[in-house]
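*Asks:* Sequence:
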Amino acid sequence: MLLERQEQLAQLDGLLAQAGRGRGHVAALSGEAGAGKSALVETFIGETGARAQIFRSACEDLSIPDPLGPLYDLAREAQWAMPQAVDARRGERLPLFSDALDVFEARTGATLLVIEDLHWADDATLDFVRFLGRRIANTHILLLLTARTDRSEGQMRVRRALGEIPAASVARIDVPLLSEAAVLSLAGAAGRDGDAIYRATAGNAFFVTELLSCECETALPASVRDAVLARAERLSAGARSMLDAVSVFPRRADAWALAGLCGVASAGQLAECVSNGLLDDLGDAYAFRHEIARHAIETMLTTSHRRAFNQRALSALLERGDVATARLVHHAVEAHNLETVRALAPVAAREASRVGAHRDAAGYYEVALRQADALPAQERAGLYEQYAFECHLIARIDEAIKAQEQARALRQALGDSLKEGDSLRWLSRFAYLLGDRQAADRFGAQAVALLEAVGPSAELAMAYSNLSQLAMLAERLHEALSLGSRAIELAERLNRPDVVCHALNNVGAAEQWLDLASSRRHLARSLEIALQENFQEHAARAFTNCACGGMNQLDYREAQSFLDRGIDYCVENDLATWRDYMHGVRAQLRLRQGCWDEAASEALDVIGNDQATALVRYPALVALAKLRLRRGDPAEPLLAEMKRFLEKGIELQRLLPYAAVVAEQAWLGQADKEEALRFIGLAEGLSPTRAVFAELAVWRQMLAPDVDPGDTAGMALPYKMLLTGDWRGAASAWAELDAPYERALALAQGDEAAQRVALETFEALGARPVAQHVRDIMRRSGVIHIARGPRRSTRANRAGLTERQMEVLQLIERGLSNKRIAEHLAISPKTVDHHVSAVLGKLEAVSRGEATAAARDSGLI
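Residues are numbered in this note's numbering as their position in the sequence shown, beginning at 1, plus a constant of 39.
Zero decoy hints are in this set.
Taking lysine-lysine and the DSS-like style, the derived pairs with C-alpha atoms no more than 27 Å apart in a straight line are:
#1 K687 x K712
#2 K858 x K682
#3 K682 x K441
#4 K458 x K441
Okay, the calculated beta carbon distance ranges per label pair:
#5 S771 x E46: 52 to 60 Å
#6 A56 x A220: 29 to 37 Å
#7 A127 x D189: 34 to 42 Å
Don't read these hints as lab results, they were simulated from the structure.
Note that CB positions come from ideal geometry on N, CA and C, so glycine has one too.
Start from the sequences, fold in the hints, and give me the full structure.
*Replies:* Following this line, the structure appears as structure tokens:
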């Protein structure tokens, strides 16, 4: 009997009806383990009947997930030869996913695709969910997902994947625990003590079911595990052994595998397990009724029994010959069969990498390397190199460096200078990603020196391009162009379009300050090659450099276009590092456009991602530091993190924004003016052209009006106008660019009327400290009758809110979660919880939305 699920069933029924009319959706069922998600899916499928074509799959609790395992399941049910499709598409995900969409959408009427237990999914499967979710709106498909609501890494990855699907295409459906009334009803029908069962289970549907089936009339089992074990103890010895054997198979055990595992007696033993309610007969396979039950039985196995059952399972699967490598590796690891692990783990890693499951590929390489001591040095070096590459793709840079150093040592011992030089080049790249500019320069120079001694090679061409990239990032423009040209010439001679693409990117980015037309041509060609040849990381870097070029040239439309396209591309291809970097750049653009709440949200998304490296966080740090400074919120932790980049080698692109923030602080009277001018002078000395220095030249003039602004040739128009005293022209130029804060800064340098307009703009943006500073400037100039603006304390005291509670209320109004509020205010989440409770109480509100509405009605916000 399925109680308290009619609302969810009705919602699913409505979504399926919409899919039948060509309006597809993703339906995500979420609830704790045992809440009844699978039972709800079974009931819905049973009620669907002939209204839809139904294809089912599930993720397995393997030690390392099977790449695209659920899609293979769906393909088999749809009679689509997916292995051949993977080969035909050379493992490229987007064409493969497009093929899958065509297969499922080609059917008449609605199509119901089910993927259960998404919290165990591999990266490639999550990419498929993202891909389908971003295109599902105009299809006849309902994609039904289930996932747990725990705080595991898997669930966090599910939330991120669903968050990258348009909100209108996702229906999130909660599967709550059963109410006390429902448990009492079920217990009453079974003649059991409902109060005791509810106290023991708190409404967990699977636990309730187990206790209702329990024969003990006195003391109830204290946990699901105890209830499952109590039922298992009723089995005969042979059936219990069979149950143990089935428990080592995640998700399901194929009947043919069990026959090979347990012999002719298996049929009767399986029947006994089914009749006692411990296993479900799926026709061609057997499975525990819930993963909780399987895990309870498996954990009771001794180490020797677990190994023995897994070895027998492995033998049966190997004999079959068409089993996914991931499943074989799982059983080999559990069986401690080191020979099979050494043979198959690298194969599984390459298969995972081929379809873009890089997190899982890294996991398989870790497994392989744990057993690699017996391998030849050359083979071990290759494993370390492949592991390092996968780690860097998933932003585990520390592990990538350690693995690459191991590979380099092995290559050096083997006398393989070519591979050792390439290791040095990779170490240079990894060091840069970690924020260690000095190490990046050192490794890069060592790589070129070693590879030049070897002779012309693709590795040398890439080492030249790496040095070109480092020079470009340091604004050593002519050096970047010279090294880039050398890399392109050698790469073209060796027919290496990947290196040509990489070097063109460097050259184009460096040329933006010297020859804008040539810069755009080279960047466009780099992007074209990357997209044509599926060089995904090169494409992401080209999108990023094109967008940053637009920002530098104040061409915000172009920057917006490249950022939107680039972020979409990175989401589709699971390029988290470049996606997050571009989100930070887009947060800076939103700040320029006056969309401050959006800028804060986008920047916090990156900064709140524990996997993001220091380098990836930097653009988001810049955006959020500026925003907090202008709003009067704590910014020091962000500035401290920005400054750490200057400790390991000063790089102009990091120094420029840091110097600008410190200058703005000094202008507001919150930092030492001489220190700010020192940073500005340092940046001026490193700037290759006056155009690069334009923004800081304006800040210097605002801090020290008597200093000669210097040569303004090549500077962007609004900066040039300000430096030559044309604040009206500068304000007009910023207005045309739709940059309200910069326009107001220009107006603040004008006459009284202009300053009053600037003051209104700062107040509207919420730039309270800046508005107060402009008032002080106006007073010192003798201006009277200056609009004071509402004091924060006055607004807060109307409802009895403290200063901090007022800050929390404003962040609630922006839609920030408690965790985000804690990050924003640099306080603990627990403290935020207390403040939120206090705000709701003082505003007599029962929800955050009601508090926001009440605050607006009373003029608090």
